[in-house]
Amino acid sequence: MRASLEDNHDQERFDSKVGAATTWAEKYQEAAEFVYLNRDQDLLNSIIRRATLTACRTVTPAEARQLLFDEPELKRLETQGQWNLDPGVSALGQLLAAIPSDIRGPLITTNFDPLIEVSVREAGGQPAAHWLDDDGKIAASDQVGAIDVVHVHGLWRRGDTLHTQSQLRTPRPQLAGSLREALRGKLVVVLGYGGWMDSFTRSLLERVEQRDVLGMDITWASYSTLTADDFQSGILKELAALNRANFYGGVDVNKLLPQVVDRYTPKGAPSPTAGSLPRWTEVNAGFLQLATATANEQTRCAFFDGRPPDWTIAADRGVPRLSAVGRTRAHLKSLQKSSQKRIVLLAGPLGEGKSIALRQVVVDLIQESPDATILWREPGGTLTRSHLEQLPTDKRVILCSDEADLLVESLAALRADLEQRKNITLLLAAHERDWRNRGGFSRLHQLLDVVPVNGLASEDAAALVAAWEAAGTIGLGKLATSPSHEREGLLLAAANSPIASSGSLMGASLQLRYGDALSARVADMMSRMDNYKEVGSGLLSDAFLMICLLHATQQHSGQVTEPLSARILCEALSLESGALDYLVLGPLGQEAAAVAHGGYLYCRTSALAETALDVARDHRSDQLHSIIAKVVAAAVINSDTLGTFEADHGAVAYVSRRLGRSDESILAAQSAFDSGPRLSFATSLLATYRRYERFDEADEVGRTVLSQLDNFTDRTNLPGFFTDWATLSGQRGDAARNVLLDAFALDALRESAWTNNADKARGEAIKALLGLGVGLSKLAESSGDVRYVLGLQAVVDWVGRLAPTSNKDQRFLATHAAFVRQKLGATDRLTLEACRDRLQELLDDLAPATWKSVHASVDLKRPRLKAAYDLTRSTT
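Here my numbering is used: the first residue of the sequence shown is 353, the next is one more, and so on.
These aren't lab readings, by the way, just hints derived from the structure by calculation. Do not take every clue at face value.
Said to hold, decoys possible - Once the Cα atoms are required to be at most 20 Å apart in a straight line, the calculated SDA-like pairs of lysine to any residue come out as:
(1) K589 to K607
(2) K693 to E590
(3) K885 to D868
(4) K1175 to R1139
(5) K538 to G476
(6) K693 to K607
(7) K693 to I776
(8) K1130 to D1222
(9) K747 to D716
(10) K427 to G476
(11) K1213 to T1068
(12) K982 to R1013
(13) K982 to E943
(14) K693 to P660
(15) K1112 to R1030
(16) K589 to L543
(17) K589 to Y575
(18) K774 to S738
(19) K885 to E590
(20) K607 to S442
(21) K1112 to R1102
(22) K538 to R1046
(23) K774 to R681
(24) K1112 to K1213
Unchecked claim - Derived DEER-like restraints, expressed as beta-carbon distance ranges:
(25) G678 to Q1083: 55 to 63 Å
(26) T431 to Q584: 44 to 52 Å
(27) G951 to S1134: 48 to 56 Å
(28) A872 to D974: 44 to 52 Å
(29) S738 to G678: 32 to 40 Å
(30) H971 to R795: 17 to 25 Å
(31) K885 to D974: 49 to 57 Å
(32) G1152 to L994: 37 to 45 Å
(33) S889 to S691: 56 to 64 Å
All values derive from a computational prediction rather than experimental measurement. Built from N, CA and C at the ideal position, the CB exists for glycine as well.
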């Protein structure tokens, strides 16, 4: 920089300015600022380009002067020139190319030169350079397998480079925000960085000062020896107070990084790669060396407690290989002889051990089939015809994926292609229900070979108990008090108990190893959750309880509903979707509490979900009531925002129907009703009050809705509302109101647009007519008036034409028919017109006086049966 000034006077001033600085970093910034103020930014840019070109062996100093402003030629030199690389930079490129894509984050550098990109290319990787000489966001490259290198102070050949204190300290909010996103949940390794007060340091410092590290851990390596004085101020002081940073002094990256390369990529070992497909990682011996750590009793027991398996657990011989592993390997061998089968699927319920078995099989394949190309699908990975075309044709290719139900659509579209590619095998694992719901069994049956993973075999129980025993008392838990010869039998019995029915491996493990102490363990776990950073507007324990609420109520009356979706949880906690992984899923995974799949969130086992709710009822009732109200309201709000009401919204909005306690059921139903003016929510609230025999409150819901009927938009649900209110009237002994309200349900069929859904409308008509019949039979018994029996005869003949199919409706119809035969004897079947006219006459006589008892201030027209009549004529 001094030589570029040429003028002696300027050089003297330069020397005076720079000489006053005490550290190298300060001298550099003072020098750059002097050039910037006394010349211009263009001169600074040319100095950086000239300095960078001194590292390019294919350019002479004279040529460099000619190329300073030839950006296309400078770009060509980056890829075609020969560059001098320090050992540390060369080793860094090898590491970046070797680190699996699922654990590799962006490389953020304050350097201007392209030497990192050069080293990545020389290592066989594909760098993607990003540069920011002003405010802007860091965006990941869309290049397949690209390694993102972000130059936050600018790139040597493009735009301006930033040097001076004023430039470095200029607020760059977009960059700060995207840096925050890029660092979330990451291990941040800082090498050769002086900690200047620039955008990176400021962003990091702001996070640390606010204790907002977002799951980030920091390893800070300094070239100079660190002393106590270094931690008295600035970024190091703040990081040290955080207890999430490790510091190393006297680190020479030119010595360290080559040693790291030698340690993790020994001679002769294949190098891991990102694979040729986006979001698919090639897994081989080199990958396992990078992706695994040394397991111990603590990590094993965390897995036994429900923590999702990783590659360390999969490669650990201390974790038993259950029978599913051997059966899967046998299926893979037989598949090689098949002319049709291409897919081996491990299928079973949640918590049975599919995921660990899948990874263990992959580890075995890496060791036994080193010549095969094995690719592992990362989250978001898909499969297309162009992807298949990129795969080798002259060697065996094994595509592996957990949560494989997400691939069903892709695989169905590629069925013909897969039949032709005999060298490609797919090794998959999926929740059996999710795979079935997406049509996996029916659409892919010709390609599919299924390995069932459900239940615990005797040899599996023996292997698990042996692994627990090897881990000592921490592994055995309560089981340590049982004689060793009984433990296997106890595990098998626990695996078949109801508490473990939705996941024998996880559920039985928790039940047997913790027993009655499971509640205390869950209570401790939720207390730890309260100490995590706030999750949006709530706590981590709030998120956990919301997940448990939906998980524990998934199965009800033979029906299975959706678990909690990620979008509804984010809505409930005012949480950005991008923060879900590191604020919720990461911590809950570490606590072995919950997992995510396909946009939905699950508790690790039903036993854990039910225990957590019981603990909350006993010790956190206010919190439980709060999260019930929040999550139900969030489902309604999210539905309104999106303009659609989907299965995940319905599962939460109507969770009141599946809760077994009156306070929780009523709270959930009330929250839905308060959050959206929908008749379906009003009906649910009325039915919930009725279920717990709180008839006055239920009736008040009906009256309130009737007085505000114009405010409700889902008028197609009006028949169901009147029918449920009619049932309430019957339960209260008011048969006349029962009849009248069921008649209004029939009249409301005109609101239900039944021509668009005739089956639904026919079901509503059957329910309303049968309910009306209940009221008529009660009136006939109490008054002795034969008109009501004749009306019931019309109901029987009308419903008979609609042909009810449910057992419940058929029982009601048989009961009504028997009552008519008892009172009238054998009768001729009425025409549909006669049924309509007879009932309409009864209703006309009944309506005026009865209606006043329903709601004196609301003037409704008398109910008409035309809509029900037209429906019956058109559908029978």
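Hints and how they fare:
1. In summary, the hint linking K589 to K607 is not supported, as the alpha carbons are separated by about 27 Å, beyond the 20 Å threshold.
2. Proposed proximity of K693 and E590 is contradicted: the alpha carbons are some 58 Å apart, above 20 Å.
3. At roughly 30 Å between alpha-carbon atoms, K885 and D868 are farther apart than 20 Å, so this suggested pair is violated.
4. About 11 Å separates the Cα atoms of K1175 and R1139, which keeps this hinted pair within 20 Å; it holds.
5. With a C-alpha separation of about 25 Å, the suggested pairing of K538 with G476 is violated against the 20 Å cut-off.
6. At most 20 Å may separate the alpha-carbon atoms for a hinted pair to count; K693 and K607 exceed this at roughly 51 Å.
7. Restraint check for K693 and I776: satisfied, since their Cα atoms lie roughly 10 Å apart, inside the 20 Å limit.
8. Restraint check: the Cα-Cα separation between K1130 and D1222 comes to about 28 Å, which exceeds 20 Å; the hinted pair is violated.
9. For the proposed pair K747 and D716, the alpha carbon gap of about 18 Å is at most 20 Å, so the pair holds.
10. Only pairs whose Cα atoms come within 20 Å are accepted, and K427 paired with G476 is accepted, the gap being roughly 19 Å.
11. Distance check on the hinted pair: K1213 and T1068 sit about 18 Å apart at the alpha-carbon level, within 20 Å; holds.
12. Taken as a hint, the K982 and R1013 pair is honoured in the structure, with Cα atoms around 18 Å apart against an allowance of 20 Å.
13. For the hint pairing K982 with E943, the CA-to-CA distance comes to about 23 Å; that exceeds 20 Å, so the pair is violated.
14. Proposed proximity of K693 and P660 is contradicted: the alpha carbons are some 30 Å apart, above 20 Å.
15. Between K1112 and R1030 the CA atoms are separated by roughly 18 Å; this keeps the pair inside 20 Å, and the hint holds.
16. Only pairs whose Cα atoms come within 20 Å are accepted, and K589 paired with L543 is accepted, the gap being roughly 18 Å.
17. Only pairs whose Cα atoms come within 20 Å are accepted, and K589 paired with Y575 is accepted, the gap being roughly 18 Å.
18. A threshold of 20 Å between alpha carbons decides the hint, and for K774 with S738 the separation of about 17 Å falls inside it, so the pair holds.
19. For a cut-off of 20 Å, the pair hint linking K885 to E590 stands: about 18 Å separates their Cα positions.
20. Straight-line distance between C-alpha atoms of K607 and S442 comes to about 11 Å, which keeps the hinted pair within the 20 Å bound.
21. In summary, the hint linking K1112 to R1102 is supported, as the alpha carbons are separated by about 13 Å, within the 20 Å threshold.
22. About 53 Å separates the Cα atoms of K538 and R1046, which puts this hinted pair outside 20 Å; it is violated.
23. Straight-line distance between C-alpha atoms of K774 and R681 comes to about 18 Å, which keeps the hinted pair within the 20 Å bound.
24. Only pairs whose Cα atoms come within 20 Å are accepted, and K1112 paired with K1213 is rejected, the gap being roughly 25 Å.
25. For the pair G678 and Q1083, the beta carbons lie near 58 Å from each other, so the given range of 55 to 63 Å is met.
26. In this structure the hint that T431 and Q584 lie 44 to 52 Å apart at CB holds, the actual value being about 46 Å.
27. Distance hint check: the CB atoms of G951 and S1134 are about 55 Å apart, consistent with the given range 48 to 56 Å.
28. One distance hint, 44 to 52 Å for the beta-carbon pair A872 and D974, is violated here, with the actual separation near 21 Å.
29. Separated by about 36 Å at the C-beta atoms, S738 and G678 satisfy the suggested range of 32 to 40 Å.
30. For H971 and R795, the Cβ-Cβ distance of about 48 Å falls outside the hinted range of 17 to 25 Å, so the restraint is violated.
31. Between K885 and D974 the beta carbons are some 22 Å apart, a value that contradicts the proposed interval 49 to 57 Å.
32. Taking 37 to 45 Å as the suggested C-beta distance range, the pair G1152 and L994 conforms, at roughly 43 Å.
33. Remark: the range hint 56 to 64 Å for S889 to S691 is upheld by a beta-carbon distance near 58 Å.
Checked against the numbered hints above, the structure breaks hints 1, 2, 3, 5, 6, 8, 13, 14, 22, 24, 28, 30, 31 and satisfies the rest.
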